[in-house]
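Using the sequences and the accompanying hints, generate a full structural model.
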Amino acid sequence: MSNIVGIEYNRVTNTTSNDFPGFAKDQDAAWDVEKFKKTFDVKISSLDEREANFDLIHIDTSIANAFRRIMISEVPSVAAEYVYFFNNTSVIQDEVLAHRIGLVPLKVDPDMLSWIDNSLPDEEKFTDENTIVLTLNVKCTRNPDAPKDCTDPNVLYRSANIYARDLKFEPQGKQLEAFAKCPVVPADPDILLAKLRPGQEISLRAHCILGIGGDHAKFSPVSTASYRLMPHIQITKPIQGESADRFANCFPAGVIGIDEKHEAYVKDPRKDTVSREVLRHEEFNDKVKLGRVRDHFVFNVESSGAMTPEEIFFKSVRILKNKAEYLKNCPISQ
Amino acid sequence: MSKVENASSHKHPARDSTFEDLLKPVYKGRKLTDEINTAEDKWNLLPAFLKVKGLVKQHLDSFNYFVDVDLKKIIRANQLILSDVDPEFYLKYVDIRVGHRSNSSSKDYIVPPHECRLRDMTYSAPIYVDIEYTRGRNIIMHRDVEIGRMPIMLRSNKCILNGVSEKVMAKLNECPLDPGGYFIVNGTEKVILVQEQLSKNRIIVEADEKKAIVQASVTSSTHERKSKTYVVTKNGKIYLKHNSIAEEVPIVIVLKACGVVSDLEVMQLVCGNDSSYQDLFAINFEEAAKLKIYTQQQALEYIGAKVKTVRRQKLSILQEGIEAIATTVIAHLTVEALDFREKALYIAVMTRRVVMAMQNPKMVDDRDYVGNKRLELAGQLMSLLFEDLFKKFNNDFKANIDKVLKKPNRAMEYDALLSINVHSNNITSGLNRAISTGNWSLKRFKMERAGVTHVLSRLSYISALGMMTRISSQFEKSRKVSGPRALQPSQFGMLCTSDTPEGEACGLVKNLALMTHITTDDEEEPIKKLCYLLGVEDITLVDSNSLHLNYCVYLNGTIVGTIRFPTKFVSLFRNLRRSGKISEFISIYTNIHQKAVHIATDGGRICRPLIIVSDGKSGVTADHLRQLLDGKLQFDDFLKLGLVEYLDVNEENDSFIALYEKDIDINITHLEIEPFTVLGAVAGLIPYPHHNQSPRNTYQCAMGKQAIGAIAYNQFKRIDTLLYLMIYPQQPMVKTKTIELIDYDKLPAGQNATVAVMSYSGYDIEDALVLNKSSIDRGFGRCETRRKTTTVLKRYPNHTQDIIGGMRVDENGEPIWQHKPLGPDGLGEVGMKVESGQIYINKSVPTNASDSVLTQTQAQYRETPVIYRAPEPSHIDQVMMSVSENDQALIKVLLRQNRRPELGDKFSSRHGQKGVCGIIVKQEDMPFNDQGVVPDIIMNPHGFPSRMTVGKMIELISGKAGVLNGSLEYGTCFGGSKLEEMSQILVDKGFNYSGKDMLYSGITGECLQAYIFFGPIYYQKLKHMVLDKMHARARGPRAVLTRQPTEGRSRDGGLRLGEMERDCVIAYGASQLLLERLMISSDAFEVDVCDKCGLMGYSGWCTSCRSAENVIKMTIPYAAKLLFQELLSMNIAPRLKLEDVFEQ
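Heads up: the protein sequence lines correspond to chains A and B, in order. Residue numbers for the first sequence follow the UniProt record's numbering, beginning at 1 and rising by one. Residue numbers for the second sequence follow the UniProt record's numbering, beginning at 1 and rising by one.
A portion of the hints provided could be inaccurate.
[To be verified] In silico EDC-like links for lysine to aspartate or glutamate, alpha-carbon gap of 20 Å or less: (1) B:K996 / A:E8; (2) B:K717 / A:E201; (3) B:K996 / A:E277; (4) B:K1023 / B:D767; (5) A:K148 / B:E166; (6) A:K139 / A:E170; (7) B:K922 / A:E74; (8) B:K171 / A:D149; (9) B:K996 / B:E980; (10) B:K989 / A:D268.
Keep in mind the hints are simulated off the structure, nothing from the lab.
Below, the structure is given as structure tokens:
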């Protein structure tokens, strides 16, 4: 059975995996750890602080998708949840400002915090173990040195724009030592929170807690975590001459190479965006077959800044493992 | 979502004029050095037009004309006040002004409009008159006497916002994008809608083919009266009909009464030398001859005998006849020195039109033709009202003067000035009342019109703008007529073809197109003189025989002369207009069928600018456009240079107008400036409307007004009864030129949502939408409601007054729960959360407001707090304390509520495709594409085939191309970004040309088996939200009379089990359920019924039988008991006969 998803002009075929027992009589397809160990492969193509691009090869869709889902919604991270306003004379409303502060990604290792107990009354809920306190105290004033004919508010006024970097970390109790090396800062300091004009001020205190993306998108540690299937291009009949150039033009640069015989060959299918442009041209009818490899996942994980992408991925693996563990020990399953 | 939001926070340099950037050297990527293509760039005339004219210029022009010109005319018409008592006395109005005194050039201080809005005041300016009157023997001049206050239209030339810079606007808390054109009366913004009417003083010929009736009618309207004159056929003969003449008068008699005595002349005037007309008309001579009426005197007496009059002193029959012909018939023609010639000609022309229509049924006029319509604007309505009030003022004033002068021996000489101020309140309050209630009642025309004004809808910027361009028709809404509702071909370019409401007002309420202008009155007399100079023979000098040999020239419907060379005359006249010698709004056109040249100078005609084409060449060249872009030329210069002119509907009908430059040939006289101006401001928001099924555009026009967005730059300073604002509005990815022109991109109402057109979950049937939870978390569709509560602290005659109490505290010194939002002053504190049941204004009212002052004990107060009642808590946004115009303390509290989208909230794209949110799905469950992009909205594809909104699909592709390309694309009507180019961008960026992506299921992770149409579409959140509508009740209040549950959400009412539901329960046979729903859960009532007499008693006692023997207790609905008692009160005795249900 082919593991190529067929990309046709107006439909996608062979989308579901079929390597399970009982699908075909001549194949066993029972899952085998040894076989999996042998075939499974991870290839990392790029990795940095905020973004990772890696391939998971020969793994079932359900598992790959589980990683994706868990990264988005179940890997915990820290975000502002309770905002206490002491003063806000700006035009932005308390609720809106609180919402904006909540969405600011914070550079905190979620493992440094414990989960908050919502059953406790408000006074006892927040401790130095589960809460990070950020404060914002800003006041806009006129800039006395501004040139007379200036109209730019950034020159005319001081602290006219309030950015995420203006949020100040206030370590509580044990946090003084624990966070001494890595004080809490917003992952992106240039997020605009509010605009002020002379005389306006904001004074607030935000309690940041641990949460998961399923509860609110602000707790999601990734901007996006997704995968695509590895493109697969099969040239069934040789394409030569000028036709080959036109053929190459149907794909992004670098996907199709042209050899010395001026014949098109598939150079790097990974670069293909599968725009299906080639299927629009009649001259390539029956000359090319587009497809995607069903068990080759090209993952792309963009971190929002609190953790590195590989950390997020490993956490998702751990969470999936714990879930499996839980199911295994679940009384119902026995 | 979040990416787009951050992009919008980029700094924009401050702009002074709103239209400036449209005319800037670099605009939309085009530089001055770029080649100018007249065919494409002539649209730049449109922003230039709007810069000069503005979107609501018609209202402003009309109001300016009223205060500057019309007021003076009214004063002149009513300038003298004489006394019945003292013949020596007179008072004469010399001049009138609004807003400033004669001596000082600066304007008076006027309370700024925003303060008026906040303090519930009227934005008005004083009306000053200069008077001259006698005091004893002396004649005294008095200047600047205030006779009242005039409500000022915002942005008119009497308004303080007229021509001020954006900076001053900001200081006055005004929005520079606000169009103005409305009034502020008692704190509410009121618009006087444009009223559509049949044109006045023009002949309209109509025919009823079934009854074989042809009639020509004319509605005469002057300052004094309004009347309608008909010339009708009856059994093939022609009569004159008028309301004040008892029966129809044979037309020959009328003409004879007007001094056309000879039958030959009658024939010449009516039929000329056309024998077919003569044959048709000849029969009419018989009747006059039979009645033996040969002379003018006989004819006048005949008419005089039939006149219905209510006169104090009796006139002779002859005088009555003269009076009727001179003043009542065709009243708009004034008769001087009993010379009826003009009137005779007018009636003859009417008769001729009737004869023509009898001979050829095609010669009738169309009532619905826009050229036969006149639009009445705020200025005209205000002038009618003002003249009425001014007359009343003068009458009261005169009565007052007479009363004083009647006194035989006065100690002092009487000074009339002393009593002028007494009545000044009448004008002020009369104007205010009329505008605030919308009831225009004018005594002299017996006019009683309701609903003239409307509260300016501030739901969104578009709804306010749409209201300013709205035209309401005088037709009854209930009548089932199709004619006036149908789309008229003559509407093209004048009235929007899409924007009309659905339902009963469909087609009767219209909207102006983008380039429409409405004329104001122009002087007739100079035009008349000009006509004579251009070779028109004076009608009074033309002999009857040659009247119909040449073309007749009509000025505002009245015949002024004949012309031998009409074509030459018309072109000469037009050249004068194009060179600016006469007003550009005067129209002239030839009507070949009537052999007539019509000139119109009257107000209320709809017109629009067009490019003049001569000799097959467009007047506007690339050079002109370059100078326009440079700012060297203004739109008015184009008029002066004779490149562009205004055409009204009638003249438009007489021209050949090319849509595009390529269509020009030798016959073409004009060229359209831009085709998308057939749509109005509201329909202009729709991208690619020319690809949509037409009703969809109409639906969008209705929905665009309900979209939540930014309403004005001063939205946070406003305290409106209810305001909906969007937290993160975005300008649309796919704009139109109209959007830029009306500044919708600066005050948008919607967000660019990434849409996947696919089926998902089954919660998307019937247009329901699937929303992404994470998008909502990140701010998609968030909105805010702001609700006002007003409280007035009243003062009472016994010197007590309402007070605001402090807050009550418990034993710990903490405020009690109810008083939590309050501050020490008893008013809610800004920023506090108010929950249902809490108090935010702790008002108390004195218990004895009526007692006299003498019982000066400590005043007793009763608490009447303002309690918050709503399903969700609110926050206090603003608290305003001020003093209203009548010196009472005024408290306004603004409550704000932040809402995220929830199940059942209504959304709509810009293509009349509305839907409610059916399910909110987590991001990880949503489908995603190769890039990991997840849709904000999933829309069911079944929305497309039957709706045929292809424009929406093209919007998606253009939007997607724009996102990938980093550009904003255009979806302008009859133009915009081309689909092929957009598809090419998609392909170049590695996407499929069709906009369909391969998606992966978020749930299984597998590829979807179909390609999904995927990209951004601008979505609007509509004001209908579940939170405002949700309602349920288990028990609650009941109506007093029937003891049944109350009705409606506002009264916490019950949910009705209606007739149809009842039928279902009956059919099903669930009798116990029926009993429970209709009686037990509603108004069950236990009564004592006497089994013997069948009447109801009480307490086990039958009052009619005077016994307790047969009294039985039973339960019936209280409404039934009420019915029995009501019947009893009408002397009907309903008797209950009781039996057992189950026989024993």
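Evaluation of the provided hints:
no.	hint	verdict
1	B:K996 / A:E8	13 Å, holds
2	B:K717 / A:E201	18 Å, holds
3	B:K996 / A:E277	12 Å, holds
4	B:K1023 / B:D767	17 Å, holds
5	A:K148 / B:E166	19 Å, holds
6	A:K139 / A:E170	19 Å, holds
7	B:K922 / A:E74	12 Å, holds
8	B:K171 / A:D149	18 Å, holds
9	B:K996 / B:E980	15 Å, holds
10	B:K989 / A:D268	18 Å, holds
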